[in-house]
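**Q** Residue numbering for the sequence shown follows my numbering, starting at 3 and increasing by one per position.
No wet-lab data here; the hints were simulated from the structure. Remember, it's a predicted structure, so these values are computed and weren't measured experimentally. Please note that a few of the clues may not be correct.
[Unchecked claim] In silico lysine-lysine, BS3-like type, Cα no more than 25 Å apart, as pairs:
| no. | residue 1 | residue 2 |
| --- | --- | --- |
| 1 | Lys138 | Lys198 |
| 2 | Lys174 | Lys88 |
| 3 | Lys229 | Lys206 |
| 4 | Lys119 | Lys229 |
| 5 | Lys177 | Lys216 |
| 6 | Lys88 | Lys43 |
| 7 | Lys48 | Lys174 |
| 8 | Lys76 | Lys177 |
| 9 | Lys213 | Lys184 |
| 10 | Lys48 | Lys177 |
| 11 | Lys119 | Lys138 |
| 12 | Lys229 | Lys76 |
| 13 | Lys174 | Lys119 |
| 14 | Lys229 | Lys198 |
| 15 | Lys206 | Lys43 |
| 16 | Lys88 | Lys206 |
| 17 | Lys198 | Lys218 |
| 18 | Lys119 | Lys198 |
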Amino acid sequence: MNRIDSVKVRALAASILSRAGYLSLVVMPLLLASAALAGYKSLKVKVDPAQSYPFHQTQSNVTIAADPYETNEKIRTAFDVQDLEKLGTVPVNIVISNEGEDLISVNGEDINLLDDKNRSIQSTAPEEVVQLILNKGKAPSSRSRTPSPIPLPRREGLRGDAFEIETDFRNKALKEVRVAPKTTASGFLFFRLPGKETRLSRYKIYIPEIKSLKTKQNLLFFEIEFK
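Based on the provided sequences and hints, a complete structural model is requested.
**A** Spelled out as structure tokens, the structure:
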């Protein structure tokens, strides 16, 4: 083998090793996440009338409760994942009981968390929460990145347990919900707290609008403090 061929072989070997190292850095976290989610099960969440929860408020025959899931033990009664609270993400189950005679509507996207200085924190989309779980807390950056030398599957290509967990989180998330008279409805919002806090004692839920679909009028806003 002449010198030129030797140089080419070494360059090729270095390229293969570099790509193998990149692949291990990218794929291994995904494999570990898949192992952590192996056999994911969708759990049924028991929902009681809103008045029965510690943190609730009542106006005009409508009661809304906010039930925080602040510990791993409680989170695992609703979602079959480990250590979600360590990622600084707290699920809050919003429970709406309508004791009136009119159909009402609540939009989960309008509901925010307020801190003790009335600074607002918007809820995190369930898809983003799933990505935090898969990436062990590292949120995808919006900055431009160097294209990967190895093609990787896109999010919409999720399969197996990763697909199951995203489906479960999306199905349990609070969207725009209509609550019939004399019934109770619920759904989860997910809040990422600063400094990966896990307690909501200095926060409150702010619900700006509850709409009567019969009169087209809005009820007064709701503020539910975690005290």
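**Q** So if I understand the rule, the pair passes when the alpha-carbon distance is 25 Å or less; does Lys229 with Lys198 pass?
**A** holds (20 Å)
**Q** Given the hint that Lys138 pairs with Lys198, test it: the Cα-Cα distance must not exceed 25 Å.
**A** Within the cut-off at roughly 13 Å; holds.
**Q** Is the hinted pair Lys48 and Lys177 satisfied, with a Cα-Cα distance of at most 25 Å?
**A** holds (18 Å)
**Q** Tell me if the straight-line CA distance from Lys76 to Lys177 falls inside 25 Å.
**A** Answer holds: Lys76 to Lys177 is near 22 Å, not above 25 Å.
**Q** Has the given pair, Lys198 with Lys218, been kept, meaning a C-alpha gap of at most 25 Å?
**A** Status violated; Cα separation ~40 Å.
**Q** Sort out whether Lys43 lies within 25 Å of Lys88, counting only the CA atoms.
**A** The given pair, whose Cα atoms are some 21 Å apart, holds under the 25 Å limit.
**Q** Taking only the CA atoms, is the gap from Lys229 to Lys76 under or equal to 25 Å?
**A** Since the Cα atoms of Lys229 and Lys76 sit roughly 18 Å apart, the hinted pair holds (cutoff 25 Å).
**Q** Just to be careful, I want the Cα atoms of Lys119 and Lys138 compared with a cutoff of 25 Å; is the pair within it?
**A** Distance ~30 Å between Lys119 and Lys138 Cα, so the pair is violated.
**Q** CA of Lys213 to CA of Lys184, is that 25 Å or under?
**A** The hint holds at about 16 Å.
**Q** Keeping to a limit of 25 Å between CA atoms, is the pair of Lys229 and Lys206 held or broken?
**A** Distance of about 9 Å is within 25 Å: holds.
**Q** For a C-alpha distance cap of 25 Å, please report whether Lys174 and Lys119 respect it.
**A** Status violated; Cα separation ~30 Å.
**Q** Given the hinted pair Lys119 and Lys198, is their Cα-Cα distance within 25 Å?
**A** holds (18 Å)
Checked against the numbered hints given earlier, the structure breaks hints 11, 13, 15, 17 and satisfies all the rest.
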